[in-house]
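S.K.: Based on these hints, arrange chain Z on the given structure of chain L.
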Amino acid sequence: AQSVTQLDSHVSVSEGTPVLLRCNYSSSYSPSLFWYVQHPNKGLQLLLKYTSAATLVKGINGFEAEFKKSETSFHLTKPSAHMSDAAEYFCVVSEEAGTALIFGKGTTLSVSS
Amino acid sequence: GAVVSQHPSWVICKSGTSVKIECRSLDFQATTMFWYRQFPKQSLMLMATSNEGSKATYEQGVEKDKFLINHASLTLSTLTVTSAHPEDSSFYICSARKSGTSGGDSPQETQYFGPGTRLLVL
Chain L
1160 AQSVTQLDSH VSVSEGTPVL LRCNYSSSYS PSLFWYVQHP NKGLQLLLKY
1210 TSAATLVKGI NGFEAEFKKS ETSFHLTKPS AHMSDAAEYF CVVSEEAGTA
1260 LIFGKGTTLS VSS
Chain Z
-7 GAVVSQHPSW VICKSGTSVK IECRSLDFQA TTMFWYRQFP KQSLMLMATS
43 NEGSKATYEQ GVEKDKFLIN HASLTLSTLT VTSAHPEDSS FYICSARKSG
93 TSGGDSPQET QYFGPGTRLL VL
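Chains L and Z supply the protein sequences, listed in that same order. Plus 1159 on top of the position in the first sequence (first one is 1) and you've got the numbering used here. Just so we're aligned: 35 in the numbering used here is position 43 of the second sequence, and the numbers increase by one with no gaps anywhere.
So that you can see chain L by itself, here it is in the shape it has in the complex (with noise of 0.2 Å):
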């Protein structure tokens, strides 16, 4: 079965300093995978995918994830953190069929002044 570990269930940054929001996969086959940001009242943004293309995938706002099936890992990174981006952030693998998502617990990233 997949599944998603999101290791931090926070981690607070200072603007402007780097972002690391990090996740393991778990899966039998080659996944796809996503991360989205959710923001207060807000619904779910798609920050990137990996879908067996290139292992290094930029997404909007800055952020980019490495995809390492050595380490089964997909972790989120930004260099320099905006205040904006202060939001509950979810790693996300597809199952096999495609059909649904499995999401991770999410990581609550603040950004602070």
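No wet-lab data here; the hints were simulated from the structure. Cβ atoms here follow ideal geometry from the backbone N, Cα and C, with glycine treated the same way. Some clues are possibly wrong.
[What the hints assert, rightly or not] Some chain Z residues judged to face chain L by a derived CB distance under 7 Å, without partners named:
hint	residue
1	I4
2	S7
3	F105
4	P107
M.R.: What follows is chain Z alone, placed relative to chain L:
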């Protein structure tokens, strides 16, 4: 764009009543829609997969007679919480996947999420 709306955005109801939540894809057709439930400070849990013109597929542990799903058109799916109880209070989120090859490329294509409906049962 790919916009998904939900209505209502929040609802408060008395225990024992039924509540209907609508999920609409505003600018694309969606053969498949998904319903998720999110408890406070927790992740999204898939409740069911809704396919246009056929019965929904429910995840293990989700009561299909309590959470009625109808996907009557390519742009609308509804979730009805029947005989709601306080433990049904939650944040319900739908998502939609574009239909056919014109809007997508594989089963792993992007799902577009609605803004969610917050349900409070008193």
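S.K.: Decide, hint by hint, whether the structure agrees.
M.R.: Hint check results:
Because the beta carbon of I4(Z) sits about 17 Å from the nearest beta carbon in chain L, more than 7 Å, this interface hint is broken. At a threshold of 7 Å, the smallest CB-CB gap from S7(Z) to chain L is about 26 Å, leaving the interface hint violated. Residue-level restraint check for F105(Z) holds (minimum Cβ-Cβ distance to chain L is 4 Å; threshold 7 Å). Checking P107(Z) against chain L: minimum C-beta separation of about 4 Å stays under 7 Å; hint holds.
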